[in-house]
Amino acid sequence: MHSDATEILLRWIVLVPLLGAATNGLLNRRLPRQVSGLLACAAVGLSFALSVVVFLRLTGMPAAERFVSDTLATWISFGNIRIDLAFSMDPLSAVMALIVTGVGFLIHVYSLGYMAHDDGFQRFFTYMNLFIFAMMTLVLGENLVMLFVGWEGVGLCSYLLISFWFSDEANAAAGKKAFVVNRIGDFGFLLGIFLIGATLLPLLGAEQNVLSFRTLQAHAGLLGPAATAICLLLFLGAAGKSAQIPLYIWLPDAMAGPTPVSALIHAATMVTAGVYMVARMNFLYVLSPTAMAVVAAVGVATALFASTIAVTQNDIKKVLAYSTVSQLGYMMLACGVGAFAAGIFHVMTHAFFKALLFLGSGSVIHAMSNEQDMRVMGGLKNKLPVTYWTFLIGTIAIAGVFPLAGFFSKDEILWKAFSSDGGGVLPWALGFFAAGLTAFYMARLVVLTFFDENRASPEVQSHIHESPATMTLPLVVLAILSVIGGWIGWPHFMGGANHFEQWLEPVFAVGHGAAAHGAHEVASAHGAAAAHGAHDTRMEWILAGASLLWGLVGLTLGWFVYLRRTSVADGFRTMGGGFVHRVLLNKYYVDEAYEATVIRPGYRLSRTVLWKGVDAGIIDGLLVNGSALVVAIIGSVLRIFQNGMVRYYAWAFTIGVTVFVLYLSFSG
Amino acid sequence: MEGFLFWFCGSLMVLGGLMTVIQRNAIISAVWLIFAFVCAAGIFALLSAPFLAIMQILVYAGAIMVLFLFVIMMLQGPVLEVERHRLRGWFWPAVALPPAAVILMIIGWLRSNELQPLGDAAGPGFGTVEAVASLLLGRYLLAFELISVVLLVAIIGALAVGKGERKLPWK
Amino acid sequence: MEITLTHYLILAAVLFLIGMVGFVVRRNAIVMLMCVELMLCSTNIVFAAFSRLHGDGGGHVFVLMNFAVAAAEAAIGLALLVEIYRRRRTVNVDDLKALME
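Protein chains in written order, with our numbering: chain Y, 6 to 673; chain A, 97 to 267; chain X, 118 to 218.
Note that these hints are calculated values from the structure, not bench results.
Treat the hints with care, as some may be off.
Short, incomplete list of chain X residues facing chain A, as computed with Cβ under 8 angstroms [unchecked claim]:
no., residue
1, 119
2, 121
3, 153
4, 155
5, 163
6, 170
7, 171
8, 189
9, 192
10, 193
11, 202
12, 213
13, 215
It should be emphasised that the depicted structure is a prediction, and the values quoted were computed from it without experimental measurement.
Just so you know, even glycine gets a beta-carbon here, dropped at the ideal spot from N, CA and C.
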């Protein structure tokens with residue numbers, strides 16, 4: 006349990022936001038707003054700085070040894086199980102840590118402006134800091150249990166922040182929905198953990214620290230037989246947290262929370278936890294081609310599914326929400342075909358431009374006096390210049406236009422979906438089509454929001470103003486990152502060295518080595534370009550070109566349809582008697598389906614069996630009232646002996662004396 | 097001779113006791129008890145305890161029972177009334193249980209054991225006033241003194257309880 | 118027939134039982150006290166009998182103590198009864214149920 010100078014920083018990366026949360030939480034309104042906000046931002050900023058320090062230390066180490074860990078204490082220890090309160094950082098968690106704290110810091114700064122007039126200012130920053138704490142625990146956790154602790158923690162913070170304005174029942178309901186749906190996923194996650202433990206413990210004997218990632222990775226082979234089951238269970242948890250089919254339903258509702266929350270939690274960080282977890286456990290997933298196929302299939306299906314819904318939504322945040330679900334699908338697709346590095350790359354770029362888009366939309370909403378319906382927006386291009394330009398950059402990035410960030414990450418995913426053994430033409434085609442839709446609906450969003458004439462009431466129009474610097478500055482920073490953020494992953498076929506993939510290689514290469522694909526994969530990993538030769542590179546160029554073109558087509562089409570020829574949009578809306586549009590607008594009626602098949606029967610079951618039967622009947626009736634009744638009965642029986650009748654007492658005496666005498670005479 | 101006297105006094109005493117218990121009228125109950133005590137004096141006499149016999153009549157029959165009679169007379173009305181039955185049916189058989197048990201035990205004992213004769217341990221001068229007095233003021237002096245304390249306590253107690261609302265002379 | 122110790126003891130036992138039953142059965146408090154006296158008397162007989170058996174005068178002394186105790190008890194008991202009668206106008210123990218649950 007030795008921790009030297011830099012390692013000890015790991016615990017502070019996690020704990021500083023906790024201290025910030027505690028201070029803000031305990032002092033609350035006694036803390037003036039400036040101090041409170043500054044404190045919260047400083048906490049996250051410090052966390053970011055420390056993450057950078059440890060990151061730099063990692064860069065100074067040889068590639069295969071990049072791992073630092075900091076153990077605080079032994080948390081659980083019984084039998085041959087030991088679970089430590091420990092944090093660790095390797096290349097993968099370094100990337101995640103930088104993203105979370107970096108983007109988190111920007112969003113905290115943004116919130117200073119956005120939440121300036123809100124009553125629960127201090128409470129907001131308490132929860133935000135608490136979230137960073139939980140997310141860092143998740144990301145820096147040295148073992149599966151620490152990850153799960155962070156996992157639950159971010160779920161809690163998500164709930165607290167979605168229902169931030171809880172006086173409106175709809176917001177509280179949204180928070181509840183998020184929490185409950187996540188719980189379903191967590192159930193699978195827990196079962197997965199238990200299965201790992203159950204499979205591994207008998208085989209390891211006296212080995213301790215079983216659930217540590219290093220231990221798991223070292224003994225991955227032993228988990229082979231149960232790998233599919235474990236991976237699918239873990240993926241259930243990931244599907245809940247990362248909003249994949251069928252557990253994505255909470256994310257659009259989560260837009261009820263303040264926009265910075267949507268940006269931080271439901272775009273940039275928390276929802277990527279599922280992707281992170283799958284990437285973390287890559288050594289296990291590669292042992293089960295079945296599980297990988299499921300992950301990829303669910304991912305690409307989600308990507309397509311969500312983007313079709315996004316096309317019709319009228320609420321600006323809902324479009325972005327479904328866009329997030331769709332992009333998360335891409336990340337899962339990447340992991341499913343074995344391109345874990347590509348998936349994490351997209352996590353990073355997505356964090357940049359999605360946070361940007363959300364914060365931008367927050368700026369718009371702020372300007373429009375809390376109006377979120379795009380149908381009454383418009384013409385904001387000139388009134389909100391900074392917002393407009395940064396938003397445009399974000400849109401171009403997400404559409405995957407070269408040379409912005411989205412191009413590199415999305416293109417790499419599509420390439421890997423096409424070329425890797427777990428992929429093929431179909432995943433590529435579906436992903437490709439969804440990418441076009443992405444560009445299309447984002448263009449639609451931009452046009453409806455910023456172009457043409459403003460369609461709001463005169464009163465709202467008079468209040469339209471650009472946001473303060475505290476809100477626009479993060480927008481600018483994120484826009485810059487959306488432009489240059491992808492260059493770190495400049496692919497080989499275009500002449501770059503793809504530093505990003507190289508950086509993450511130690512984490513994922515081992516997994517590849519143990520894969521069923523065996524030596525084949527090891528050889529192909531490095532020698533890919535050379536071994537498969539020009540054939541691959543040419544294909545890459547073709548596909549990259551196609552993606553770029555398709556993205557531009559989507560953008561242009563969107564701009565065209567919604568700006569120039571709105572009749573096309575109207576025509577689409579009334580197509581098939583309005584059926585198609587209605588289905589998409591109502592999100593394929595999925596929520597309603599769940600309501601009918603799961604929720605209502607569950608509610609009825611709870612009501613009749615659990616409430617009336619168990620709670621009222623057994624617990625109240627039998628145990629509580631029953632025990633009281635028993636006491637009353639005993640009491641009423643004993644009361645007979647206390648009837649106040651002297652003669653009765655006297656008789657009792659005589660009986661006693663007689664018994665005594667008889668006893669004496671017979672024992673004597 | 098002794099046998100006849102024993103059976104005579106004994107049976108009369110038992111009769112007296114029974115009548116005490118059975119009589120409805122409290123005064124008649126008291127009188128029967130006096131009768132029983134007189135017979136008890138007879139029993140004492142048979143047991144070579146003449147002093148005791150006399151004391152029995154003087155103290156018990158003469159003082160205590162007179163006290164009883166005084167009280168009965170004082171609480172005139174309801175004392176002589178017919179008593180009301182209020183207990184449940186199971187009471188009467190239950191009451192009979194202890195006596196029945198004891199009687200059965202006695203019978204059982206009698207069957208298997210020899211009767212123990214009184215013997216001649218009591219010499220002459222046994223049970224006379226001198227004999228008792230010498231013990232009372234000799235060996236059992238402490239008991240004697242203590243019993244006088246008991247009587248004192250009884251006097252004070254009876255006075256304190258019985259005074260009712262009237263003030264005591266020393267208050 | 119020789120009168121043995123056992124005879125006296127059985128006599129005493131019978132008297133005691135009568136007194137005991139009487140105590141339980143009667144409702145008049147004064148009569149109950151009288152039954153107590155009867156029980157005490159029966160114990161006196163036992164003491165006297167054993168005293169005769171052993172030729173020890175101590176038994177007689179104890180009987181005298183018994184007299185005194187019986188007298189004291191009767192005095193206080195009756196005083197209490199008088200007081201109760203003054204307050205409740207009854208000496209029927211069935212009416213004295215204040216300790217009932």
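**Study point:** Closest C-beta approach of residue 213 of chain X to chain A relative to 8 angstroms, hint status
**Key:** violated (12 angstroms)
Point to revise | chain A contact restraint for residue 192 of chain X - C-beta distance below 8 angstroms | key: holds (5 angstroms)
**Study point:** Interface restraint verdict for residue 189 of chain X against chain A (beta-carbon cut-off 8 angstroms)
**Key:** It holds, given that the least Cβ distance between residue 189 of chain X and chain A is near 3 angstroms, below 8 angstroms.
Review point. Minimum Cβ distance from residue 193 of chain X to chain A below 8 angstroms?
Key: Holds: closest Cβ of chain A sits about 5 angstroms from residue 193 of chain X, inside 8 angstroms.
Review point. Can we keep the residue 171 of chain X interface hint, with Cβ of chain A closer than 8 angstroms?
Key: With Cβ-Cβ at 6 angstroms, under 8 angstroms, it holds.
Check your understanding: Does residue 202 of chain X meet its interface restraint, that is, does its C-beta lie within less than 8 angstroms of any C-beta in chain A?
Key -> holds (5 angstroms)
Review point. Is the interface hint for residue 215 of chain X satisfied, with its Cβ closer than 8 angstroms to some Cβ of chain A?
Key: violated (16 angstroms)
Review point. Can residue 119 of chain X be said to touch chain A, with a Cβ gap under 8 angstroms?
Key: Cβ of residue 119 of chain X sits 6 angstroms from chain A, so the hint holds.
Review point. With 8 angstroms as the cut and Cβ atoms as the points, is residue 153 of chain X at the interface with chain A?
Key: violated (11 angstroms)
Practice item. Mind checking the CB of residue 155 of chain X against every CB in chain A and telling me if the closest is under 8 angstroms? Key: holds (6 angstroms)
Check your understanding: Regarding the hint that residue 170 of chain X lies at the interface with chain A, is the smallest CB-CB distance below 8 angstroms?
Key -> holds (6 angstroms)
**Study point:** Hint check, residue 163 of chain X versus chain A [nearest Cβ-Cβ separation less than 8 angstroms]
**Key:** violated (10 angstroms)
Going through the hint list in order, the structure does not satisfy hints 3, 5, 12 and 13.
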